[in-house]
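Trainee: Sequence:
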Amino acid sequence: HTTLPSYKSTDAYVPELTDDRTNYQLEPATLYKSDGINVDFAAPYIDVINDVEAQGGSKIKHDRLLDNQTYSYAPPIDHDKFVNYREYYWLPQGLSSIRCQPGTPGAIIEFDVKNNASGAYVFSNKIA
Numbered sequence: 715h716t717t718l719p720s721y722k723s724t725d726a727y728v729p730e731l732t733d734d735r736t737n738y739q740l741e742p743a744t745l746y747k748s749d750g751i752n753v754d755f756a757a758p759y760i761d762v763i764n765d766v767e768a769q770g771g772s773k774i775k776h777d778r779l780l781d782n783q784t785y786s787y788a789p790p791i792d793h794d795k796f797v798n799y800r801e802y803y804w805l806p807q808g809l810s811s812i813r814c815q816p817g818t819p820g821a822i823i824e825f826d827v828k829n830n831a832s833g834a835y836v837f838s839n840k841i842a
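Residue numbers (the numbering used here): 715 to 842.
The hints are simulated quantities; they were obtained by calculation from the structure and are not laboratory data. Quick caveat, the model's predicted, so the values are computed rather than measured.
Okay, derived cross-link-like pairs now, DSBU-like style, lysine-lysine, Cα gap no bigger than 30 Å in a straight line:
1. Lys747 to Lys773
2. Lys828 to Lys795
3. Lys795 to Lys747
Required output: the full structure, derived from the provided sequences and hints.
Mentor: What follows is the structure, given as structure tokens:
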């Protein structure tokens, strides 16, 4: 089966134990990293298929086994605001602008934002 120029019939290879392992040895694997660095779980493709068979499924048609009619969708939204929209105060026109009076060149302008008793935000600025 091997036709690469670097292949020699006298080369020693470690044989796979089954035909499935021989046929699927270069297939992708499933990896899971809970912290994004360390691998917590790894399974070669054929091990996933064999697990399906061990649980009573058929592994004859891989295309049918892994085919589905649904797709995941991850819109670029803030999920907390989408789910808990009642917890946010929505301004129809957005935030109003804050007028800043320029001071002398190099002056530092500070803004204070306070949440008053009724839950509204009060903005004030002063020139330091």
